[in-house]
Structures are given as C-alpha cells and as structure tokens.
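These protein sequence lines are chains E and Z, in that order. So in my numbering, spot 248 of the first sequence is number 249, and the numbers just go up one at a time. So in my numbering, spot 46 of the second sequence is number 35, and the numbers just go up one at a time.
Incorrect hints may appear among the rest.
Heads up, incomplete: computed chain Z residues facing chain E, CB under 7 Å, no partners named [unchecked claim]:
1) Gln2
2) Glu4
3) Asn5
4) Asp205
FYI, nobody ran anything at the bench for these hints, they're computed from the structure. Where a beta carbon is used, it is the ideal one built from N, C-alpha and C, also for glycine.
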Amino acid sequence: LVCCPDTAGMPPPPPKRAKQAEPSSDMEEEEEERPSSDADEELSGSDGDGDSDSSPECSSSDDDDASQEMETVQADFAFFDPKPADFHGVRLLLKTYLDSKPWDLTGFVDLVLEQTTVGTVVKMAEDEDEDGEANGGDKSDDDGDLFGLITVLNLGRYGENRCIKDLKEYLLAVCGDKDTKEKLKSLLEDKASTVGLLVCRRFVNFPYEMVPKMYDSLFDEVSWATEDEPTQELQDSFRFKQYLLLVRILERKTPPKQKAKNNKDEDEPVIYPKLEDEIFRELSSWSFTFPIRAEQSAQQELKNYKEMGLVMCVKADVIPKFRKKLEALVSE
Amino acid sequence: DPVLCYVVSVGIQFENNCEVGVFSKLTNAYCLVAIGGSENFYSTFESELADVIPVVKTSIGGTRIIGRLCVGNKNGLLLPHTTTDQELQHLRNCIPDQVVVQRIDERLSALGNCISCNDHVALTHPDLDKATEELIADVLGVEVFRQTIAGNILVGSYCAFSNRGGLVHPHTSIEDLDELSTLLQVPLVAGTVNRGSEVIAAGMTVNDWTAFCGSDTTATELSVIESVFKLREGQPTAIVDDMRKSLIDSYV
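Chain E with its partners taken away, still in its complex shape (with noise of 0.2 Å):
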C-alpha cells in the first residue's frame, strides 16, 4: 500500500510559448573536503576571474586546476515551470518569507504551482521526467533539486485567497510610519490589480550568474503573458505599474569599530544576501524595513548584523534600469 500525495485539483494551464532558451549554465562545482552530502553542493563560477577567495560559503575556481586537492564536477542547471510536484521544494523556499507567525504558507506554494505562464523553478537539469510524476518516480523525491523560484502575483486577482490577505495583513502590521503605510494601503487596497508581488528565492549558494537570467524569465514571460493569455482580463491583469518586493537583509547592530579593518564586511551597513535588493531598493519609489522576530542566525561573521525585513515598491516603467544594471553588477 503506497500512499500517493493529493494533487490539488488545477485548471490546465493556458497554452503558452517555450520557455525561452533553457539557459543552462555550466558550472562547476568543487568537492571540498569537509564531508559533503547531495545537499551540500558548493557551486561556484566557471569564468575564472581569479577570485581565489576559498570560504566555505563562497569559492571560485579558475579553469586551470590551480586547487589540486579540489574535484570539480559538472552542473547543469535549467529553469522549468512550476508545477504540483515541486511543492515540498518551494515551500522550503518560501517557508520564511514572512516571519515566524503561522499564516497561509501551503496556499501560498499552491497559488505559486498554479500559475505556469508566469514563473520559473530552477533545477539540475536531469531531474525533469517526461514520465511525469503521478507514480512517485524512481528517483528520490528530494528537496533539495530545487535551486530557486521566481514569479510575480498580482495582488487584485488574488486578492481574495486568504494567503494573499495573510500577506497584506502582515505587510500593513509591520509598517512603521505613517506617510508610508498610506501608500502601502493603497498599493494593496484600490491600486492592486496594477500591482504585482515578486517574488524571488533561492538558496544562498546559488550562481550569481544565472540571476539575471531568472529576472529575464520573469519579465519575458509577463510580457508575453499579456498577449498570450486567453482573456483580455488576463491580460490585463499582467500589465503591471507596480511592482512590491519584500526581501531580508542584514543591518549592522553598533557602530563601525576601528580596527574592523581586516573584515571588509564589517564595515558594510547593510548587507544584501540577494545582490539584486540592492538595485531594487536604490530605484524605488518607496521603501521601509522592519524587525524579523524569528530566531536570528548563529553565524559567527554575521554577530553583529540582524536581520531585518525590506519592502520595496518599484515602478514598472524603471526595470529595463534595473536589468541593465543587474547585468553590469553581475559581469564585474
């Protein structure tokens, strides 16, 4: 007797075009020695730009075996819609995207797996099975295949699933000021169905190289959505004008000290785990930060730095800024 999993009852999903050029990138990955398990993959760039730098969070090899002691192993990964079988993997992903309070995080994953036109999970390229996934497969279904997650919901059509009410109500709580959460209110009451939610997760690890090629996806695939999809209501509803985020970073507890010169990190304010906030934030008609109660990270380097929440409001007309800029910042 094996017990299959429910699949939530879905629509068929709207035709839509190919996703486009399946960018799977080679990278490869370094063995190190520390005992690692399918879940430990260090991935690190392939275009050997020198960066020596051999932490344990983040190496870079160059094609020249310079590290002896190192395998390197080849990696390919590609981007796939969204669909009822990823869910245990992007609920680990989006399982502290609020806080700690419970809240409609299942409904939340379930809405993410339904909408197949517009979003992306990223995966080792073997794991698709053409076979599908109604047997349970041979393969372990193992969390960890899934790398990454990007999408955009638009906060009036969804508007009355209760994870979507959870998420305004928790946006509104922990806005501080006064003038911004007015705007926020409005973004999330009379503006939504101009409003998308975006959101983008993705293990810390993950190749800085494929980001751009994520934020790609997503905004191909939204403007293709507006001509493809089979209502002009549909349509319409991925004509975004604005765009919400709501991301972590880290802010420093005291002040610099002086003799902080050794750790270049400790001088940082703010620390920005997704390089691409940072552009986010700088171009932003709005945003506010706001303490994370859940249990702070025990890392040592980061003992002076808590983590806090970041929302962000960012026009639509201003992302080919921010694409262009995401490129330049990745291609240093």
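Guided by the hints, dock chain Z onto chain E, whose structure is given.
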C-alpha cells in the same frame, strides 16, 4: 485506565513548519514540546493530553529540534551528550519517576533520527555504538534491531510506530515491510505525511491513542494513519473543526 480518546489532530504548525515530529516527542507516559513557537503549538498538545500524561516544555542542547535529538518510551528517555545539566534536571523533575531519564555519550547525537521505538522494540541506525545499543535495551526495556528502511540508515526519521501499528517510508518494499512487521510485531504500512513527505517521523508523532500530524497532511494520508495506528476503534470523536474544513475531497 484513563479514558481513551482516539484523536488525530491536524492544523499543527510550529512557526510555519509542519514538522510536528521535529519539535515534539510523544510517548505513552509523557510528551515533550519545544520551547518557542506559538502558544498554539504547545496548547494543542496540552488540551489533548494534559489530563492523562504530563506535557513538558523543553529544549535539548539549547535547540528546539527536540524530537530529532532524543528517543524514549514509557520506560525511559535517552538524551544526547549535548543536553545541558539544567535541561536534564528539568526533565527528571517533570517526567514521572518510573521513567528513567539518561544522558548518553553516543557520537551519533541525533538520537531521534537514528533510533525509533515503541514500548517493546527498537530499530537503530546500523552504525550505532554497541554500548549505546545495550543502553537502549536496558533503559528503554526493548529488544534492539539494527536496520535500514528503504535503504535509509536514519531509521528514526523514516518511520513512526506505536504498540499498535506503524508507518514507514513510502518506497519500502513488500519484503522489507514483512520483515520489519515481523520484528516489530505490529502491522505496518508504507506511506507519507504532510502531503507526500517521506520523512515520516518529522511530520508526525504518535502514541497508542493519539497522533499529531502536520497541517499539510491530506485526507488520504490521515485515513491511512488512523487505520494503521488503530485510532478509530473507539467512538468517533473529537476531530477538530479545522480539520473537517480542510479535508480534501479527492481520494487516490
């Protein structure tokens, strides 16, 4: 005998984690619940169990993942070497006297991931120390078998069993199911919890009269759990309202 009430509670989350079995440890004699998380999590256990067995809030080694770090039954409770003196004392104070609480020196310190047991039998990780195996037999009063489940060595993670039945990893073969069932002397079924999760012991916790499952658990999964753990033999009772509302209509 206490009045037995067969309940399967759902809608449980610990800070958006459906991994009930990570943040709790349930036996026939006591229940441990992790500190932190909303009062809701603790009070769900308390409201179901407090009349019958003590429900104790604790941490282990300063962490909240208590369900994965300890193993116990009505005879004893084994704690990893990372347990602090205060935690050990606290547990000894709150748990019934007849339960032997012992901190052990095993390298594989996530005892809950490595060992699974009921009041009579234990399954352990194949590489567990011989000394630990003896302690398990002594303190928990069980017969010990080194096993794997569907090829996994973390037997504590991939199954959950009581004195009445058990649920194991969905990919367990029929032969293995038969073998395990014979060792454990209880009926077993291969299945999932929390909407297809294979990590059974993380997604649920169970004793002879109650099971607590994470809120993503589907109606199909629940019916399998109720059936194999024989949780429906009494009066049809107390299924919390939330569960009724969230029952999905489709069955495999």
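Now the hints, each set against the structure:
Look at Gln2(Z): its Cβ gets to within about 5 Å of chain E, closer than 7 Å, so that hint holds up. Nearest Cβ of chain E to the Cβ of Glu4(Z): about 4 Å, under the 7 Å cut. The hint holds. Residue-level restraint check for Asn5(Z) holds (minimum Cβ-Cβ distance to chain E is 5 Å; threshold 7 Å). The closest approach between the C-beta of Asp205(Z) and any C-beta of chain E is roughly 6 Å, which is under the 7 Å cut-off, so the hint is satisfied.
Comparing the model with each numbered hint stated earlier shows that all of them hold.
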